[in-house]
Amino acid sequence: MASNAAYDFSSAPQSVPIKRNAAAAKYRDDEENMLSAGNNIMFDSRVVRGNTYAAQVVTQEQQRQQQVYNRNEKARQARLESKRLQGMAPPGTPPPVDGRAHMDVQTDNFLEELTDRPIEATIETQTEAFLDRPPSPLFVPAKNGEDKETQIESGDLFDFDLEVEPILDVLVGKTLEVSMLELMEEEELAAIRAQQEKFEMMRNAELSEVQRLEYEAKRKFAEKQRRKKQEREFKEAQDELKEKVAARAFAKTYLSDLHANVFESLEETGHFYDPVRKEVGEVFLPWLMGEVSTSLTAVAQAYAAADGIIKASLEKAKDIRVQAVADYEAEQKRIAEEAAAKKAEEERLAAEAAAAAAAAEENGENGEDQ
Amino acid sequence: MAAPQSHETKAMPTAQQPDQVSEAFGLLKAPKLVSQISQSENKTLRLNALRVLGEELRNPLDAGGVTRAGVTEVLTKLLKDDDTKTREAASKALAALAVDPNGRFSLSSTAAAPLILPSLSDPSPIVRSNLYDCCLSYTAVRTGIDEVVLGGFVPVLVKKATSETDDVRHLPLQLLYNCIKSEVGLREALDSNAVEACIENLAHKDSLVKKDAAGTLGFLCFADSAKITAIQNDAVSKLSSLLVDPFWKVRANAAQALMSIIQTDSGKKAIVSCEGVAPLIKLLKDPEGLVKINVLKTVAALAVHPDARKEMRESAECLPVIHGIIDGGDEFLSKHALIAREAVLWQP
Numbered sequence: 000m001a002s003n004a005a006y007d008f009s010s011a012p013q014s015v016p017i018k019r020n021a022a023a024a025k026y027r028d029d030e031e032n033m034l035s036a037g038n039n040i041m042f043d044s045r046v047v048r049g050n051t052y053a054a055q056v057v058t059q060e061q062q063r064q065q066q067v068y069n070r071n072e073k074a075r076q077a078r079l080e081s082k083r084l085q086g087m088a089p090p091g092t093p094p095p096v097d098g099r100a101h102m103d104v105q106t107d108n109f110l111e112e113l114t115d116r117p118i119e120a121t122i123e124t125q126t127e128a129f130l131d132r133p134p135s136p137l138f139v140p141a142k143n144g145e146d147k148e149t150q151i152e153s154g155d156l157f158d159f160d161l162e163v164e165p166i167l168d169v170l171v172g173k174t175l176e177v178s179m180l181e182l183m184e185e186e187e188l189a190a191i192r193a194q195q196e197k198f199e200m201m202r203n204a205e206l207s208e209v210q211r212l213e214y215e216a217k218r219k220f221a222e223k224q225r226r227k228k229q230e231r232e233f234k235e236a237q238d239e240l241k242e243k244v245a246a247r248a249f250a251k252t253y254l255s256d257l258h259a260n261v262f263e264s265l266e267e268t269g270h271f272y273d274p275v276r277k278e279v280g281e282v283f284l285p286w287l288m289g290e291v292s293t294s295l296t297a298v299a300q301a302y303a304a305a306d307g308i309i310k311a312s313l314e315k316a317k318d319i320r321v322q323a324v325a326d327y328e329a330e331q332k333r334i335a336e337e338a339a340a341k342k343a344e345e346e347r348l349a350a351e352a353a354a355a356a357a358a359a360e361e362n363g364e365n366g367e368d369q
Numbered sequence: 000m001a002a003p004q005s006h007e008t009k010a011m012p013t014a015q016q017p018d019q020v021s022e023a024f025g026l027l028k029a030p031k032l033v034s035q036i037s038q039s040e041n042k043t044l045r046l047n048a049l050r051v052l053g054e055e056l057r058n059p060l061d062a063g064g065v066t067r068a069g070v071t072e073v074l075t076k077l078l079k080d081d082d083t084k085t086r087e088a089a090s091k092a093l094a095a096l097a098v099d100p101n102g103r104f105s106l107s108s109t110a111a112a113p114l115i116l117p118s119l120s121d122p123s124p125i126v127r128s129n130l131y132d133c134c135l136s137y138t139a140v141r142t143g144i145d146e147v148v149l150g151g152f153v154p155v156l157v158k159k160a161t162s163e164t165d166d167v168r169h170l171p172l173q174l175l176y177n178c179i180k181s182e183v184g185l186r187e188a189l190d191s192n193a194v195e196a197c198i199e200n201l202a203h204k205d206s207l208v209k210k211d212a213a214g215t216l217g218f219l220c221f222a223d224s225a226k227i228t229a230i231q232n233d234a235v236s237k238l239s240s241l242l243v244d245p246f247w248k249v250r251a252n253a254a255q256a257l258m259s260i261i262q263t264d265s266g267k268k269a270i271v272s273c274e275g276v277a278p279l280i281k282l283l284k285d286p287e288g289l290v291k292i293n294v295l296k297t298v299a300a301l302a303v304h305p306d307a308r309k310e311m312r313e314s315a316e317c318l319p320v321i322h323g324i325i326d327g328g329d330e331f332l333s334k335h336a337l338i339a340r341e342a343v344l345w346q347p
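First to last, the sequence lines map onto chains A and B. In this text, residue positions in the first sequence follow numbering that gives the first Met the number 0: the first is 0, and each later residue adds one. In this text, residue positions in the second sequence follow numbering that gives the first Met the number 0: the first is 0, and each later residue adds one.
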């Protein structure tokens with residue numbers, strides 16, 4: 000609530016409420032005289048703080064807060080009142096008994112039909128919004144004293160153009176310096192790269208020289224190996240040639256008498272001969288000897304034949320004689336044998352007869368025995 | 000009393016645009032920038048922050064700060080973003096990061112190489128170009144070369160050397176050159192047919208591609224197996240035709256490649272058969288020192304072949320020019336010119 004006083008109350012002063020408890024109403028306890036945190040003057044909002052000589056300015060925010068507080072307080076009071084009234088509402092109609100139902104009935108003298116709704120019209124109205132009381136104007140004490148004025152002329156404090164010059168010098172100088180440094184760095188980098196390229200080319204040239212020398216060394220080594228091989232082969236050929244020459248010389252020497260020796264040995268073995276001599280020796284003389292031998296053989300054979308005939312005749316005669324003797328003896332023998340045989344036969348027959356007789360006798364005995 | 004005319008009240012400053020990147024003071028500068036890059040709500044802010052990062056990385060102090068704030072992981076993650084501009088800005092920032100030693104250390108410690116590899120197939124050529132630049136800067140040091148080779152870059156680079164678009168085709172060749180400085184990288188390159196890929200690029204219309212193809216081929220052919228492969232694929236005649244290219248670096252690299260290849264006897268025979276001796280002799284008069292040095296080494300190696308030696312002796316230009324180089328002021332050239340002269344004048 001807006002107040003036209005210098006200060007406002009957060010809680011308006013009230014009379015002391017009548018307490019039901021008579022003892023409590025009349026007398027206050029000793030504890031109530033003691034300052035508690037709730038009653039501490041330092042924390043009491045009713046106590047004005049600050050300078051009490053100057054006007055206490057209540058700001059609009061504080062006034063608005065106070066208004067809100069008052070409104071809320073009123074609404075709370077109204078709610079409590081309505082609750083209280085609701086608690087005192089008249090009792091309602093008791094419920095109908097079983098089987099019956101309540102009906103709204105008009106008991107007026109003049110009845111009217113209630114089926115139609117009465118003509119209704121809706122009208123709205125709105126009261127003006129609560130207008131805030133405008134705040135009280137700020138108390139401005141009356142002006143007193145003398146007016147005085149002052150003016151800073153150009154050039155009194157400082158000359159901008161003069162003062163800005165060193166700053167600009169520094170700014171421009173630094174910018175230029177940094178730009179120059181950047182340009183120099185770029186140039187330096189470019190120069191470094193160019194130098195690097197040049198160095199690489201020179202290094203590649205040196206590397207190429209190294210490779211050239213390597214390949215040259217390889218070629219020389221290969222050439223040396225080839226020449227050594229060639230020399231070795233040549234030496235081998237030379238040695239072989241020497242051996243051949245020595246062998247040939249030795250062979251020549253060794254074989255120099257070969258012809259004579261060969262012919263000599265051939266001659267000794269008879270490969271070289273006089274044909275007439277050979278023919279005489281190999282054809283004529285053997286033939287001659289053969290003929291002589293043949294004739295002598297024939298003579299010898301003749302003599303032998305004659306001797307043979309004679310001998311044969313003698314032999315034959317001998318044989319005849321012997322044969323005759325033999326025949327005679329044989330005949331004699333045969334006769335003897337025949338005589339013997341005959342005798343034997345006779346004896347045999349006699350024996351057989353005896354045997355037969357014996358047998359017959361035996362048989363006769365046996366028959367009798369049986 | 001003077002009226003207050005020389006002063007004026009000013010309105011309150013307008014609020015900063017949400018897309019505007021403002022620098023934080025002190026130690027919060029890098030973390031704030033990284034946090035603005037890693038956020039995904041405001042894509043314009045992220046893009047602007049990436050552009051600012053690219054500028055900040057030119058300062059070594061700032062480069063150290065942003066790497067400590069973990070910008071490398073954020074950038075590698077942004078390479079997979081759907082927005083092309085974001086990927087381009089992230090790749091550009093990575094390229095700037097790799098120039099700085101702190102950035103290279105950060106790339107190494109976070110094992111970023113395998114994460115960068117899939118983005119080499121990005122549809123945007125700007126992204127690919129920036130990533131190649133990043134890898135080129137990264138492989139300027141040995142640890143970078145080892146990381147890139149271990150990350151499986153070599154077979155991809157060989158494939159890219161023949162399939163990449165014309166405007167960026169020289170970059171995978173340059174990167175391949177760096178990778179084969181490692182033995183593992185050289186072996187992988189030879190197994191992936193890098194020699195054939197370089198030979199194929201020798202006939203490209205772009206001078207940069209020809210230069211880098213010849214340079215990479217020359218370095219590859221320090222290996223004996225690569226020499227044989229190069230000779231079998233007719234590299235000698237193609238390199239001989241490049242000896243008259245108008246760009247001096249192409250001539251220098253072609254001469255270097257020939258210098259490597261003709262160390263073998265078959266290489267010497269190949270260059271004599273394709274009449275490559277005359278262009279070499281003419282190139283002795285080239286004004287560029289690096290061209291001359293490569294030609295001198297080639298002449299010294301080629302002079303072993305009797306026919307080539309005879310042609311060099313009988314040429315009216317070869318020996319006089321070599322004598323001129325010997326008497327010139329360059330000690331390095333003079334030394335190698337002496338070697339070449341001895342080789343030409345050698346007799347069995």
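Careful, some of the hints might be misleading.
With a cut-off of at most 27 Å between alpha-carbon atoms, the simulated DSSO-like pairs for lysine-lysine come out as follows [stated by the list, open to error]:
1) B:309 with A:223
2) A:219 with B:268
3) B:204 with B:158
4) B:334 with B:309
5) B:284 with B:248
6) B:284 with A:217
7) B:334 with A:217
8) A:217 with B:309
9) A:197 with B:248
10) B:281 with B:309
11) B:281 with A:219
12) A:315 with A:341
13) A:197 with B:204
14) A:173 with B:281
15) B:281 with B:334
16) B:268 with B:281
17) B:28 with A:197
18) A:219 with B:309
19) A:197 with B:79
20) A:223 with B:268
21) B:79 with B:158
22) B:79 with B:31
23) B:180 with A:217
24) A:243 with A:227
25) B:268 with A:228
26) B:180 with A:197
27) A:197 with B:309
28) B:28 with A:173
Here chain A is said to cover these stretches of chain B; the calculated rule only asks that three of the stretch's residues, wherever they fall, bring their Cβ under 8 Å from a Cβ of chain A [to be verified]:
29) 254-260
30) 283-293
Computed spacing ranges between beta-carbons, pair by pair [unchecked claim]:
31) B:69 with A:175: 44 to 50 Å
32) B:76 with A:181: 40 to 46 Å
33) B:231 with A:181: 47 to 53 Å
34) B:264 with A:234: 24 to 30 Å
35) B:11 with A:166: 49 to 55 Å
36) A:215 with B:72: 29 to 35 Å
37) B:22 with A:175: 18 to 24 Å
38) A:181 with B:313: 19 to 25 Å
39) A:247 with B:231: 53 to 59 Å
Worth flagging that the hints you see were computed from the coordinates, not collected in a lab. A virtual CB, placed ideally from N, CA and C, is assigned to each residue, including glycine.
Hint by hint, here is what the structure shows:
no.: 1; hint: B:309 with A:223; in the structure: holds, 24 Å
no.: 2; hint: A:219 with B:268; in the structure: holds, 19 Å
no.: 3; hint: B:204 with B:158; in the structure: holds, 19 Å
no.: 4; hint: B:334 with B:309; in the structure: holds, 23 Å
no.: 5; hint: B:284 with B:248; in the structure: holds, 15 Å
no.: 6; hint: B:284 with A:217; in the structure: violated, 32 Å
no.: 7; hint: B:334 with A:217; in the structure: holds, 23 Å
no.: 8; hint: A:217 with B:309; in the structure: holds, 23 Å
no.: 9; hint: A:197 with B:248; in the structure: holds, 11 Å
no.: 10; hint: B:281 with B:309; in the structure: holds, 16 Å
no.: 11; hint: B:281 with A:219; in the structure: violated, 30 Å
no.: 12; hint: A:315 with A:341; in the structure: violated, 36 Å
no.: 13; hint: A:197 with B:204; in the structure: holds, 25 Å
no.: 14; hint: A:173 with B:281; in the structure: violated, 53 Å
no.: 15; hint: B:281 with B:334; in the structure: holds, 20 Å
no.: 16; hint: B:268 with B:281; in the structure: holds, 20 Å
no.: 17; hint: B:28 with A:197; in the structure: violated, 40 Å
no.: 18; hint: A:219 with B:309; in the structure: holds, 20 Å
no.: 19; hint: A:197 with B:79; in the structure: violated, 37 Å
no.: 20; hint: A:223 with B:268; in the structure: holds, 22 Å
no.: 21; hint: B:79 with B:158; in the structure: holds, 22 Å
no.: 22; hint: B:79 with B:31; in the structure: holds, 22 Å
no.: 23; hint: B:180 with A:217; in the structure: holds, 25 Å
no.: 24; hint: A:243 with A:227; in the structure: holds, 24 Å
no.: 25; hint: B:268 with A:228; in the structure: holds, 26 Å
no.: 26; hint: B:180 with A:197; in the structure: holds, 16 Å
no.: 27; hint: A:197 with B:309; in the structure: violated, 32 Å
no.: 28; hint: B:28 with A:173; in the structure: holds, 19 Å
no.: 29; hint: 254-260; in the structure: holds (count 3)
no.: 30; hint: 283-293; in the structure: holds (count 3)
no.: 31; hint: B:69 with A:175: 44 to 50 Å; in the structure: violated, 33 Å
no.: 32; hint: B:76 with A:181: 40 to 46 Å; in the structure: violated, 28 Å
no.: 33; hint: B:231 with A:181: 47 to 53 Å; in the structure: holds, 49 Å
no.: 34; hint: B:264 with A:234: 24 to 30 Å; in the structure: holds, 29 Å
no.: 35; hint: B:11 with A:166: 49 to 55 Å; in the structure: violated, 24 Å
no.: 36; hint: A:215 with B:72: 29 to 35 Å; in the structure: violated, 53 Å
no.: 37; hint: B:22 with A:175: 18 to 24 Å; in the structure: holds, 19 Å
no.: 38; hint: A:181 with B:313: 19 to 25 Å; in the structure: violated, 57 Å
no.: 39; hint: A:247 with B:231: 53 to 59 Å; in the structure: holds, 55 Å
In summary, the structure is inconsistent with hints 6, 11, 12, 14, 17, 19, 27, 31, 32, 35, 36 and 38 from the numbered list given earlier, while agreeing with the others.
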